[in-house]
Amino acid sequence: VQIEVLGTGCRKCQLLYGEAEKAIARSGRAATLTKVQDVGQIAARGVLATPALVVDGRVVAAGRIPSAEEMAALLQADAEPGP
Amino acid sequence: MPAAWLKSGYPVSVAARRNPGARGGRRRRRCACPRRLRREPPVSAVRSAGSPQACLVLSISWDHEMTAQAQVGRADEAGRGSSDTSLRARAVAGGRVVPLALALVAWWFLYTRLAPAAAWLTFVLLGLPAGTPAGAAVEFFLYEVPKVLMLLALVVLGVGIVRSFVTPAWTRRVLAGRRERAGAVLAALLGVATPFCSCSAVPLFIGFVTAGVPLGVTFSFLVAAPMVNEVALALLFALFGWRVAALYLATGLTVAVVAGLVIGHLRLERWVEPWVYGLQGAAEPAPERLTWDDRLRRGREAVADVVGRVWPYVVAGIAVGAGIHGYVPRDFMASFMGRDAWWSVPLAVLIGIPLYANAAGIIPVVMALLGKGAALGTVLAFMMAVIALSLPEIVILRKVLTKRLIAVFVAVVGLGILAVGYLFNLLL
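Chains as they are written, first to last, in my numbering: chain A, 1 to 83; chain B, 1 to 428.
Keep in mind that the hints were calculated from the coordinates and are not lab data.
Mixed in with the good hints there might be a few duds.
As the list claims (entries may be wrong) - Listed below are several chain B residues computed to face chain A (Cβ distance under 10 Å; list not exhaustive):
(1) 109
(2) 206
(3) 402
(4) 404
Claimed, not checked - Estimated spans, in silico, between C-beta atoms of each pair:
(5) A/33 with B/294: 23 to 31 Å
(6) B/146 with A/25: 44 to 52 Å
(7) A/41 with B/407: 38 to 46 Å
(8) B/403 with A/33: 35 to 43 Å
(9) B/293 with A/30: 50 to 58 Å
(10) B/242 with A/34: 46 to 54 Å
Just so we're clear, the structure is a prediction, and the values are computed from it rather than from any experiment.
The beta carbon of each residue, even a glycine, is placed where N, CA and C say it ideally should be.
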């Protein structure tokens, strides 16, 4: 799983990064977690509000920090084969 | 499959976003690209979304997106189709109304009993003598802190639910291609309701401008969003009454609209960093499918987040207010921040511009200044200047704006706030 945390470096973006780290550790799945801090890159993903969470190129949350359960569900749902 | 849809390279949602028939989630399938394109062809939409193919991609990807969202949101009920979701949402909403109503009744019950409770605590339990400064200060504190926090929680809950509808992406759809005047007013109004944090000012700016929102309209939004928000209004209402809150709302919106109109009128697009307009309008992420349950949860999360962050400032502000209430003579600051000191308004604005604080953080200072006899207009101008403009925000915006445009922005907004300060001092 490719997970990206989009944010220009504000407090909430760092919080989200930490939460994503924890969620990955809990799920026990192999995942790459990257921070995207460049504004152009963030805008190129169509995101208007940071912090944003991108899972495999899909924006799943923007402008908020998803709850721990939500993130766990996201990691789980992603494991199922797509349609 | 959503990933494939993103990779297909169609900025599908650019077409969807600019298609007036497609604003609601469910109507989105109806494709009216050609009609839409006649009105205002955005570069990226013309390039790729004009073909019938794009419309097809839109409808197909939408279906997949819905299914995918349903799976993601409710992993515990995997296998349910998307048609089930709306039924479920309705059932859940029904099940939520009763607890919510009970909570509101409980809220009202508590709220109406705060004053006697504070009096009882102060004079009976603590045994402070009535009519003394200490008694007055403690009673004031014990009444105001829960009152302000309860009002704040109620307002934030309501706004949190509203904001699950009014996302920045939705606001952008509404504002794209608007004329300057109507757009500026609309942008300022939406700025109040749209969730916004000044650290996402730059992605938002790029997203708005590349989607065809006029520059002036974008600035109206950027001024109104941080300055006139529910926290500021709720706190002003709770601490100083509805008149002050209403005046703040009206004048804050006016400053935002006027600033946007001036910047739009000056045609300053050339002073935006050129690479911004070189960016393509990126595909908008698929909108979330939220049930009422989800929206209520968003509201509750907002309450926990905002009240959790704000309460120390509120307590500090009211403690300062209580101290002044009981002890310090009221006209302590009147001589140099009172109504007669004409130079105090520009001074307050100049000091306030570089400072950074959110609406809650500035409240203790506002309480202190007002309590010591500073004029309301001067204090509110200071508050607006601190919230609306700040050095960190200027540094962030420098990435997309040239120095000249930042100077114009700061000057226009600063002058607007200055006018508000004088107006308040005249009126009140």
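Legend entry - Assessment of proposed distance window 23 to 31 Å (beta carbons of residue 33 of chain A, residue 294 of chain B): holds, 25 Å
Inset, instruction - Could you tell me whether the CB distance from residue 242 of chain B to residue 34 of chain A stays inside 46 to 54 Å? - result: holds, 48 Å
Legend entry - Given hint residue 206 of chain B near chain A, where the shortest CB pair must fall under 10 Å: holds, 4 Å
Inset, instruction - Return the status of the interface hint for residue 402 of chain B: holds when the least beta-carbon distance to chain A is below 10 Å, violated otherwise. - result: violated, 15 Å
Legend entry - Outcome of range test on Cβ distance (residue 146 of chain B, residue 25 of chain A; 44 to 52 Å): violated, 39 Å
Legend entry - Supplied contact hint for residue 404 of chain B, tested at 10 Å Cβ to chain A: The hint is violated - residue 404 of chain B has no Cβ within 10 Å of chain A, the shortest such distance being about 20 Å.
Inset, instruction - With 35 to 43 Å as the target window, see if residue 403 of chain B and residue 33 of chain A comply at their CB atoms. - result: Hint holds: Cβ distance 36 Å, inside 35 to 43 Å.
Inset, instruction - May I ask you to test the hint 50 to 58 Å on the CB atoms belonging to residue 293 of chain B and residue 30 of chain A? - result: violated, 32 Å
Legend entry - Supplied contact hint for residue 109 of chain B, tested at 10 Å Cβ to chain A: violated, 30 Å
Inset, instruction - Could you check the hint for me, namely that residue 41 of chain A and residue 407 of chain B are 38 to 46 Å apart, CB to CB? - result: Because 28 Å falls outside the window, the suggested range is violated.
When held up to the earlier numbered hints, the structure conflicts with 1, 3, 4, 6, 7 and 9 and fits the remainder.
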